[in-house]
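Participant: Chain by chain, the residues run as shown.
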Amino acid sequence: MNAALGTAGVTLGLAGAVLGVVVLAVGLRRRRRALAAGEPPAGAEALLHLGRPFAWLVLAGAVLATVAMEIALVTHDFSLTYVAENGSRATPLLYTVASLWAALEGSIILWALVLSGFLAAVAHRFRHQASDPLVAWATLTMLAVAVFFFALMLGPADPFTTVAGAVPADGPGPNPLLQNHPLMAIHPPLLYLGYVGFTVPFAFAVAALVTGRLDEGWLAATRRWALAAWGFLTVGIVLGAWWSYEVLGWGGFWAWDPVENASFLPWLTGTAYIHSVMVQQRRGMLRVWNLSLLLATFSLTILGTFLTRSGVLDSVHSFTESPIGPWLLSFFGVVVAVILGLIAWRGDRLRAPGRIDSPVSREGAFLANNVVFAAFAFVVLLGTVFPLVVEAVNGERLSVGTPYFNRMTTPLGLALLFLMAVAPALPWRKASGELLRTRLQWPAWGGAGAVAGAVLLGARGLAPLLAFGLGGFAAAGALRQLALSVRAARRRGASVVAGLVGRSSGGMIVHLGVVLVAVAFAAASAYLTGEEVRLAPGQSATVAGHTVTYQGMNPPAETPQKTVFSARVQVDGGVVYEPALNRFPNATQTIGTPSVRTSLTDDVYLTLVAMPEEPGDPALIGVLVQPLVAWLWIGGGVMALGTLLALWPGERRRRVPAPSPAPAEERRAGGDAGEAGEAGEDTPAPAVVGP
Amino acid sequence: MSAPSGTAAGPNDGAPPAPATSGGALAAPPRRRTALFAAVAVGLVVVLLVAVLATRDYSGTRTADSPLLGRPAPAVEGPSLLDGRTFDLDAERGRWVLVNFFATWCVPCQAEHPELVRFDAAHAVAGDARVISVVFSDDADDVRRFFEQRGGEWPVIDDPVGRVALEWGVTGVPESFLVGPDGTVQAKVIGGIRFDSLEDLLAQAQGVAHGGGGEAGAGPPGGQG
Amino acid sequence: MSARRWLPWLGLAVVVAVSLVVGAGGSGGPPTDAERKTALASELRCPTCRGQSVRDSDAPAAAAIRAEIGRRVDEGQSDEEILAYIDGKFPESLRLTPPASGVGALVWALPVVALVAAVAGLAAAFRRWRAEPLPAPSDDDRALVERARSSGP
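Which chain is which? The protein sequence lines are P, A and S, in order. Counting from 1, position 264 in the first sequence corresponds to residue 264 in our numbering; the numbering is continuous, with no gaps. Every position in the second sequence, counted from 1, becomes a number in our numbering once 1000 is added. Every position in the third sequence, counted from 1, becomes a number in our numbering once 2000 is added.
Where hints are given, some of them may not hold.
[To be verified] With beta-carbon atoms standing in for the labels, derived distance ranges:
| id | chain 1 | residue 1 | chain 2 | residue 2 | range |
| --- | --- | --- | --- | --- | --- |
| 1 | A | 1047 | P | 323 | 21 to 29 angstroms |
| 2 | P | 644 | A | 1048 | 38 to 46 angstroms |
| 3 | P | 330 | A | 1044 | 17 to 25 angstroms |
| 4 | P | 497 | S | 2150 | 24 to 32 angstroms |
| 5 | A | 1047 | P | 353 | 28 to 36 angstroms |
| 6 | P | 11 | A | 1047 | 45 to 53 angstroms |
| 7 | P | 551 | S | 2108 | 36 to 44 angstroms |
Derived from the structure by calculation, the hints contain no laboratory data. The model shown is predicted, which means the values in this text are computed figures rather than measured ones. The C-beta atom is built at its ideal place from N, Cα and C for all residues, glycine as well.
Between the sequences and the hints, there should be enough to build the whole structure, so can you do that?
Facilitator: Right, here's the structure in full:
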């Protein structure tokens, strides 16, 4: 029943997407012919308007498939292979629901659901411009992407296959690592919202190339979508790091694992894009480059999915191996071929004339930012695929791991911090030395204070000190911009909050979050102290100033799902923490659950490395002390908050009149006012800034 | 956020014309073909990358040799978990020994166990070859139960801290090494083993050994599932 | 006037320089044995698990290698000896730092080459822009200025 329902949903989605592509393609063709013949393209435009219902059809199909799978999971319908392999009666409801993305086939359903959600949202948002070829091409592109993912679900990654033979009475449940922490319920969907969200600006970028309209219209149309996708991706990545910190038991949050890199790559190009797009909005330059960044972001999400799902790379996260590798790789190939073809065909004709007067200017800083981000992405991509390349060249097997990535990316990260400190103070066009001295003086003292303070507190080592100094510089710079923005808001009689809302202030708050993450990352990686101590019950050990006392083992806690062996470990004579080892009935290895004493200054990360043979024997306990880890998550939250503020509609936007039936009129009235508003927001005008 | 440009493809109703389409007086015709060249260059790189990715196997199934081949076998000694009698690999010179790394929780190990029992029994009378097992990260009681239920009476050496496995370069279970009568490692098998192929491997290794030494490590590691 | 302008920056430079000299130079002495053990464990890939380092993995093989590293550090072996010994045990290299010679060196060189090329390209562009006459403002520019002005505070 569920299988039939799900397959019906997938079929409906596929049919909707294919028909939508056909209708839009025919409509676009007729429209061009009509215009060429000098006839009114009314009939063709009616066809283009017809494209919208298909988006809803696709969404309906995806929802149907998702609902069918969730019903099957929750009701333990083990006649479905997916449920038989990933469900179990003993799994708590939360993880049963989350099993939708515990394995490949289910995560493709999630992908399709999110994609069709975005598709329907685009269709709805631009419903009055449906006959605009730009919108039509964008919708068509998204529908074409949907065709691919729905086809995957009918073919090689069919989530609704049924088990051959007798229906099993129970299943093994999801991978134990995936049912150990509630973050598993929200981290993957957020990551997917980010990944898939970039399909929207990607589709508009393709549409812009096809129609040749590289003016700022498509940019404005998709700016918020790109920002929202970026925000989701950011939060998804941070939560992923948090999950691995809380669950994997090695006390780290970032391992340069291929799966992590796969999510980081689109984040890097996406971040480069949301910066350089400002140059285009402000100066009309870098059009082709911006398109390329979006196209790269989308291609990298597909490549990343291939790398992590095909099993060509070793990763702690590759929970599944599957036959869809060749499909994803082919799709990646097609996407890249189409993109490069479009750029080769259109790119040079669409380049905007323009020049950057001085490297010491806002646009110069954005250029430098893009160079560094591109280099960063190149290092991460190269390091990830390099073992495969070398093996293909001479059969040698080598590994590229954390030491490589840390060494290569540290200077790039420091350069980004420096740019983050300087760029917001730079004016467009050209900066005079005098202006810089005025604007940078207090932020620079912030940086110097951070270095001096860190040294006084005992921090040593060049790289972390530079990170603290540049972080302080950047944070002070961002705070200065925020203060100016709030002051300007107060001056025009608005509230303090009004000064914090909007793209510019939101961006500065994101910068503050980035600084927190960067400083915490530098401190936690540079100043960690770890030891494995063998303690008999009642014994204590001191690690980096923290006393841990092993009190003994709890009696094993048996549930149908797992058996938990937990130790009682007191930290600093206070709270007792219980790191544990879990034995899952169907898993080969025990899985540790760390227990962490978190504080704003440092984390004490406890793991039970080895159980005592007898209850009174000593246990081997891992103790890892890392400073400032909590600020990684706080920084992630600040970045999310900043993104929200940047997305928040400003005052001017809310004054835009309700959409009128005549799209052209609406654009004149609303669009321009909005754009002027952004332009005003971008930088405080020098008159306001200069003291 | 403003809507995308108006309904027509051309410059829209009175808005400032976009430089790309009409460009004003200064939109000089493009002189360079940067985008074209960049696209072609990126395309070439991507073609190579896709070619590399398309030809890679699934990482989990790749096998490899061992640096131990032809070298003296690392020490395996200690009391057997089954009967407590002391075993020393060095004392086994003169016959072939299959050193099998296993764990009770590993499914291929369970599958290959009857094959090992058969191999050991087949050579018990002649005494020309035997099996010994090294426990890989497992509980001693589980191992005893495993052998009680599934048979096998050869020495089973515990390796609680994994040092033996490290010395042998074991990367997973099951892995088996064929040690020759001279105490050197002759072959390595990754994954579950079968009686027939084990006999073939032994015969081949014996042939090489009798044929005058030659390349000691020539035994093909024939992993099979 | 000039002194007033430059003095704060001079002070700033002194503060930063002194802090960095104290902080970067004063880390004091060779790494302790515990630090060496951690560093060595992060240089090696865990042989049985997928893509985790020996330091990060709780797999038995990783624990065994950590114990071996500990033993050998206590015996006074050098880092390179220990890495070579353990790496030599396994059919594939466990080193997480790619070699600086042979094909492996490309992974170090390519990003540097790419970065240098990008910076050189940008420098060339800036030189060309400087050589070209300043284009007169286009209609688009004017419109932009107009809009910015009309919306300014």
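Participant: Tell me, which hint numbers fail for this structure?
Facilitator: 6, 7
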